[in-house]
Amino acid sequence: MIKYIFFKILQSIFTLFLVITIVFVLMRSMPVEGYLGEDYDKLDQVQKEVIIESLGLRDPIHVQLKKFYNRIIAGDLGVSITYRPGVPVADILKSKIPYSLGIGLTSLAISFVSGINLGIIMAENSGKILNKLGNIYIVATNAIPAAIYYILLQFYLTDIFKLPMLFYADRPISWILPILSLSLGTTASYALWMKRYMADELNKDYVKLAISKGMKMKDVIKKHVFINAFVPMVQYLPASILFTISGSIYVESLYSIPGMGGLLVEAIQRQDTTLVEAIVLIYSFIGIMGMLFGDIFMALLDPRIKFGKSEGRI
Amino acid sequence: MGVKGKIVKKFLLLFIGVAVVLKACTMSENIYPNHRSILDREFRTIYSGEVTTLNYLTTATANEFSLIVNFVDPLVEYDRFGKIQPALATEWSVSEDGLVWTFKLRPGVKWVTYDGEIYGFVTAQDFVDGLKYVLTSENRSKTANIVYNMIKNAKEYYNKEITDFNQVGVKALDKYTLQYTLIKPIPYFLSTLTYTCFFPANGQFIKDVGGKFGIDNKHILYNGSYIMKTYEPHHRRILEKNPHYWDKENVYIDRISMTYNKEANVLAPEMFLRGEIDHVNIGSDIIYEWMRDEKKKNLIRPNRTNFFSYFYSFNFNPNFSEEYEPENWKIVVNNRNFRKSIFHALDRKAAMLTEEPYEPENRLLNTITPKGFVSVGGVDYTDLQPLREFTQKDSFNIELALAYKKKAMKELRGKATFPVKVLMPYNAASKQWANRAQVIKYQLERILGKDYIEVIIEANPPTGFLEKVRNSGKYGLMELNWGADFADPETYTHPFRRDSTFSWIHLAEGNGKEDGLTIYENLLQKAMEEVEDINKRYLLFAEAESYLIEEAFVIPYSVGGGGYSASRINPFEISYSPFGATSGRFKGLRLLKRPMNIEEYKKELYKWQMERKGQFEGGRE
Amino acid sequence: MMKNINYSYWISTFKAFKKNKVALFFLYIIIGLIAFITIQPFLPDQKSPNAIYVDEATGLQLINKPPSKEFWLGTNSIGQDMWARIWAGTRISLLIGFTVALWENLIGLFVGLIWGYVRKLEGIISVIYNVLNNVPKTIMLILLAYTMKPGLLTIIFIMCISGWLDSARLVRNLVVTIRDREYNIASRILGTPIYRIVSKNILPYLVSTLVLKTTLSIPAAIGYEVFLTYIGLGLPVSTPSLGNLISEGRGYIVVPSLRYQLMIPALILSTITVSFYTIGNAFADASDPKNHF
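Residue numbers (my numbering), protein chains in the order written: chain A, 1 to 314; chain B, 1 to 621; chain C, 1 to 293.
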């Protein structure tokens, strides 16, 4: 297992290296004029050249890459080029991540707990009214485009409960709606998959066997079905937790939350390569770590799953 | 399961409950007069475009100018009629040859830090330091070209041909005397001083903050009417009146709080109705609703237009893909009658309806230079003799269009293939533009017939749009725009010059060539050389411009701005200037008790026009 | 013999599915919808979705007209027929949905099986997966949009490039949980060829999940198109799609009299989503052999 984890970590580092290199090359293959932003038309040729050159964009790509690696290895995320010129990328991220993380984690906790429970209840009550209600809820959140129901929630709930329309860090009451909005969809998807896995498990022979042996349904569910259905749910959890820092573009846009939502898209559109690189570095680190932890979690929870090169062992 | 079930049930009930309530209530109940408290000295607003920097020495973006002009004052400023007034300079003079400008500065103006502490006094050296920063190429100033096209030796310094800044044409003669030396006499020099690249900056402060000058509110010094106390990008800004401001009697709003919201166009109108903000733009999406509702209608007024000029250009350097037949386009675009048929067939009002469903005519522009931009002897530039015939009437004329079509088809028979493919690209990021392109396609084809033209509208991604489409000549007919850089008609000739990458008019055939110059270039040169007699200068520029329009090289379309607002700001108190910089100033603005409505706006507009006329009677500008 | 068993498996699945009346209802809705959007342009009195209709007297476009005999669902802000646009948009969106969903899940299944089962390739596929999964789609999208024209093919292409990743991972995770079960280990020891283990021992376990995933992928792809339009990378407005219609109509969410221009496309999107969701779930249940008795 330790060998397996060590191997995985090496592999992760290699992947990370590939990702940032590809992203770097992709970003650099965008037209250099993009770095001049919307002021493009007001610049003359000399100026454009001076600006592009002083940003190091005229160097051959391998020179640029070398500089980039050196910087990253030294732990320097660099300075933003166009998003907020001159501001260290680390500062930009430092000011944004806590917002997304705070709201995201709260919402994730709420949705995980309520989603799992909802899924269990639905599985236990299949065919009954609770299951139907749950289904309606899941279907509704999936079916109505988030872009629409978020606005409707924001408009009407603030009006009915006299809440502030936007988010203010110093007024906790204004946090409720963004968190609620964010939770609705995730709760539904947790419930959906939990129910699915539970239903799959409940159909298995060991359940029938246990029942026929006189075990109570409740105990079977508690002791076996739940754990077995829970395993695949957990696999995505580490990544989900970590990815809360990426924020939600819809919710943050609607409530004026200065978080990470939409930052990547905007940085790409503004061609702020350093900022894009930093975000990609973080996200892929998280993604890869999430995957790794997920695998390890799964291996720990379900002894039947084996990773690594232990094929011969039974 | 019991407890868990209850939680979930509650959750579901809440959701269902919400859904039920949603249907039951409508929102138009609360309307402006229900404001819980009307604040007199605080202005609250929502904005959807965040500034990227506060470094006024490097930025060239209107969005950034309009915030920064509240923090730093220029030498001179525009009043609400567009008249230049002393600001940091109290008086000025220009040498006989028009090359040396000397400014006497206002003594005792203070630099203040973001937390309101006095840093020092504004002196002539600050203007020198500011320019030095702009002209140091490592600082990547996007406005350096404005400076080095006017100031002596500035270009040489920028290009590192000279290293001694003392040779550059800006000097602090003493603590309060500043002198600029120009390359050539520039009649509009004073107006360019309102550009942020000419703003003062304390050299010591720049040195102290290193590369961080202007990255946020803490890294600039303030000498203007407001100080930015709080700056949380993509969240909010709080501006407070500068207690040390030299002209604080004319600052009436104590506090301005601006909240960022990307969805402002959807959310802000409702926030205005709930009394959470004092100003909102009413977009074309919801204007119908507001116009239809008597109560809401009373809250809105038109916005003023700005000095961005939009026009449709024919491309004389077609460089697009074979499938759109660039060779054929080259033949037809060089036919004057073909161009004129489109010129008269373009229903600009129909196109404008996509943005301005009410009174679209107010935005239409019959010349390239906007109305009210400059005037001479009380006559607006666009009303000068050479341009008057265009200003007086709409270019849209079906009979003329069809007559020219007939002529063009006759002349081009055998030379060009019909229908002509007219490639009309647009930026996919702009919904308005996309709408306009569709309307124009159907409208042109309807009037001129599908036997004559086939308009192909092509969406292009916003990334590198201008470079990819316009500058590469990948269009046939396209909407282009240009904004003023200084107060002189010369500024609007830029797109039509040989060195621009707009539409390559100099490649047009039959445009006559003397000394290697086209007719237009000759007209232009004559105008630019006239720097003594302003009246004559403007007439010459008007002549050049009318040539462009008469030959249908370009189809004037509209000015920017416009639309409607619900606002407690009186738009006629805003500093009036042709290039966006000072129009963002809150100095001199007072908050209205209730928003101005359309009738009041019209009354105020008339009053303003009359007063302005009085101000400029006999004078220039 | 084996064939016979397979045969009856699918028959039983359909039988089980047919028992679910709600799912059947939604299946009919989807079939009806597809049939309708296919024949709609050929019905009498249909208008072009892109043409702009003008008032003959003034030559100006008919803006935001309410539903009438002439324009069954009124006109939009530039005088186009909403009825025609909505159905044209549904057509485009469903086309995107089906193409992308099929591609995603076929490739996903294929890659996922190899990834989960062939240990030699596990490392390399993990690396490829991680790389592709972590290079932001937006970058690829913007670059592709720069080299290709914004349009239907570009959108489908970009969705396909990275869309299969999720399915592949889902399949892989399932395979991993199944492959080391005793009966598979027994098969391996007994020398059963890999393809046989995969098709007989593993695939049947995947059917229910995969069907569900595919049916959910269709509305998800349509929803993703809505999202792409939201961030400004969607289809050009001259190609109506549900994403375009919704993003055009979003401003009307606060305008009661015009809200229907948003609500109708949203309703269609919701119907499609709900239908596929229900069908998918019912089919997943039906495809589980244990539900066949």
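Derived from the structure by calculation, the hints contain no laboratory data. Hints should not be assumed to be uniformly reliable.
Unchecked claim - Sample of chain C residues facing chain A (criterion: CB under 10 angstroms; computed from the structure):
1) 11
2) 21
3) 24
4) 56
5) 60
6) 64
7) 66
8) 141
9) 174
10) 219
11) 231
12) 247
13) 263
14) 264
15) 274
Unchecked claim - Chain A stretches covered by chain B per the calculated footprint, using a threshold of three residues with CB under 8 angstroms from any CB of chain B:
16) 29–43
17) 50–57
18) 83–91
19) 143–157
C-beta atoms are modelled at their ideal positions from N, C-alpha and C, and glycine is treated no differently.
Hint by hint, here is what the structure shows:
| no. | hint | verdict |
| --- | --- | --- |
| 1 | 11 | 20 angstroms, violated |
| 2 | 21 | 13 angstroms, violated |
| 3 | 24 | 16 angstroms, violated |
| 4 | 56 | 36 angstroms, violated |
| 5 | 60 | 31 angstroms, violated |
| 6 | 64 | 20 angstroms, violated |
| 7 | 66 | 22 angstroms, violated |
| 8 | 141 | 9 angstroms, holds |
| 9 | 174 | 8 angstroms, holds |
| 10 | 219 | 7 angstroms, holds |
| 11 | 231 | 5 angstroms, holds |
| 12 | 247 | 8 angstroms, holds |
| 13 | 263 | 9 angstroms, holds |
| 14 | 264 | 12 angstroms, violated |
| 15 | 274 | 5 angstroms, holds |
| 16 | 29–43 | holds (count 12) |
| 17 | 50–57 | holds (count 4) |
| 18 | 83–91 | holds (count 5) |
| 19 | 143–157 | holds (count 7) |
Figure legend: structure checked against the earlier numbered hints; hints not met, in rising order: 1, 2, 3, 4, 5, 6, 7, 14.
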